[in-house]
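Undergrad: Single-letter residue listing:
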Amino acid sequence: MSQSNGNNILTALSESMAAAVEKAGAATVLVSGRRRMPASGIAYAADLILTADHVLERDDDIPVGLPDGSQVSGKLAGRDPGSDLAVLRLAGPAAAVAEAAPQEARIGQLVLALGRPSQDGIQASLGVISAVGGPVRTGRGGLLERYLRTDAIPYPGFSGGPLVDTAGRVVGVNTSGLARGASLAIPAGLAWQVAANLAQYGSVKRGYLGVRSQPVAIQAAQQKALGREQAAGLLLVGVEDGSPAEAGGLLVGDIVVGLAGQAVGDPDELLARLTGSVVGQPAPVEILRGGQPRTLTVTIGERK
Amino acid sequence: MIDLNDLSATVADAFATVFERARRSLVVVQNGRDGAGAGVVWRPGGIVVTNYHVVARGRARISLVDGREYPTREYPTRLIAQAPEIDLAILQAEAADPFDPDLLVAPIADSRALRVGQIALAIGHPWGQLAAVAAGIVSSLGSVPVHGRRGQVDIIRTDVGLAPGNSGGPLMNASGGVIGINTMIVGGDLGVAIPSHVVNAFVVETLGESALQDVRAYKV
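If you read the protein sequences in the order shown, they are chains A and R.
Counted from 1, the first sequence has number 256 at position 257 by numbering that gives the first Met the number 0; the numbering is strictly sequential.
Counted from 1, the second sequence has number 191 at position 192 by numbering that gives the first Met the number 0; the numbering is strictly sequential.
The hints are simulated quantities; they were obtained by calculation from the structure and are not laboratory data.
Ideal Cβ positions, reconstructed from N, Cα and C, are used throughout, including at glycine.
Among the hints, a few may not be true.
Residues on chain A that point at chain R, a partial pick, calculated with CB under 8 Å [stated by the list, open to error]:
(1) T10
(2) E21
(3) D119
(4) G120
(5) Q122
(6) V127
(7) A198
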């Protein structure tokens, strides 16, 4: 490889990272919700800012600094201390809307941590995804289904800002508020889901079924009986006494294939379906019992 | 289809190429008392830029780093200008002629065109390790208040891990151009560099525009 080609590729990498910072930085805002260090936020919709819960000491009149230097007032739409996320509703639209990465982050992937802790411009640090973990109990009484760890330096005020890929798409939301100051990121898919709940309901209700399960393959004949192509379901290996699952008639050995009209193939999908509007409501649970499809009705409890 | 293995190797080679080129303009600056700092050959004729705090005490001498474990050729120097408020100093290597093949002028990049997120490489002598390289990105671009007539001075902050011994050494872009001089002017957890446009203004103020600035023929 010639010297000039090598240099071109390094220059190209350098320019693409600068472009990623520019793109994601246009949707990264300054959130002044506490007395000391200001923090950062992500415009995930035109008038909605996703930020960290622990950086908001009040609910109203939160100054939000936009990338063009102007300022708008934000009002708390909802907060979820368990995942350290909060959503602010702006009085006017933010400049640009962030794009979430289409795929979950991979270990070793290059990422940039971004923050806007002052009006002096965007800040960034470079690193890789060091670990993808979870579920983990957070120091704030919540359960985080998934988290990312990175070696990108978390500068003061980076909480609430985005962790982005080299195309400037958000792979996670940075926070130092979950694990005794250690810097983690909440995966964008999960954060966007929490944000949608916060914007709509003001809080995140997490459902409780009371089962232990493991994913299993569904054979072709059973898929035929089910009337759709679904390669995997969740085999129940435990049903807790007095749980919503028991009350609804679920048994050890049942294979759960759907909840509330949507297919469920692995534990993460089940967790994802058990949020928001289903909590406290009777929901149809689709199962295979003895190879035959059945639908039971379970009133989903709330996980405390 | 890009071969990813080849791409990684190409990127690694490119880093090595930038480093090899930059090392030829890097010097060790010693004052005989406080350990070593780094410096950059900024102009022909042995004009070296370094940090003021590296040369503030004692009589500095510079030496070259030619790839071996320890410096080889040494030059006594004369301090010809200093700007403590921005932690810069200019040294003249004595007995250096304008075409001294050992004192190769570094390519200077335009630091006013920098963007946050661009690759930045620092070379210097962290903890006495000669000609060590560290990579990162430009983390932020801003300015800080300083004493004296400048009032404010532009700075580059990077996430490159710097240590004592990096002081006075170059911060470079992806094509090996010097974008700043690493310094200890302000504390905090970020590496700080004085941008090359500020350094160059200081050099021009001291020495005037250089007639030899664009002579590149001897630089092979």
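Undergrad: Indicate, hint by hint, whether the structure satisfies it.
TA: So, going through the hints one by one against the coordinates:
1. Contact between T10 (chain A) and chain R, as hinted, is supported at the beta carbon level, the nearest pair being about 5 Å apart and thus within 8 Å.
2. The interface hint given for E21 (chain A) holds, since its Cβ lies 7 Å from the closest Cβ of chain R, which is under the 8 Å cut-off.
3. For D119 (chain A), the interface hint holds, since its Cβ comes within 8 Å of a Cβ in chain R; the closest pair sits about 5 Å apart.
4. Annotation: interface hint on G120 (chain A) holds; nearest CB of chain R at approximately 6 Å, less than 8 Å.
5. A distance limit of 8 Å between C-beta atoms decides the matter here; for Q122 (chain A) the minimum to chain R is near 4 Å, and the interface restraint holds.
6. For V127 (chain A), the shortest C-beta to C-beta distance to chain R is roughly 13 Å, which exceeds 8 Å, and the interface hint is violated.
7. Using the Cβ-Cβ criterion of 8 Å, the hint placing A198 (chain A) at the interface with chain R is not satisfied: the shortest such distance is roughly 30 Å.
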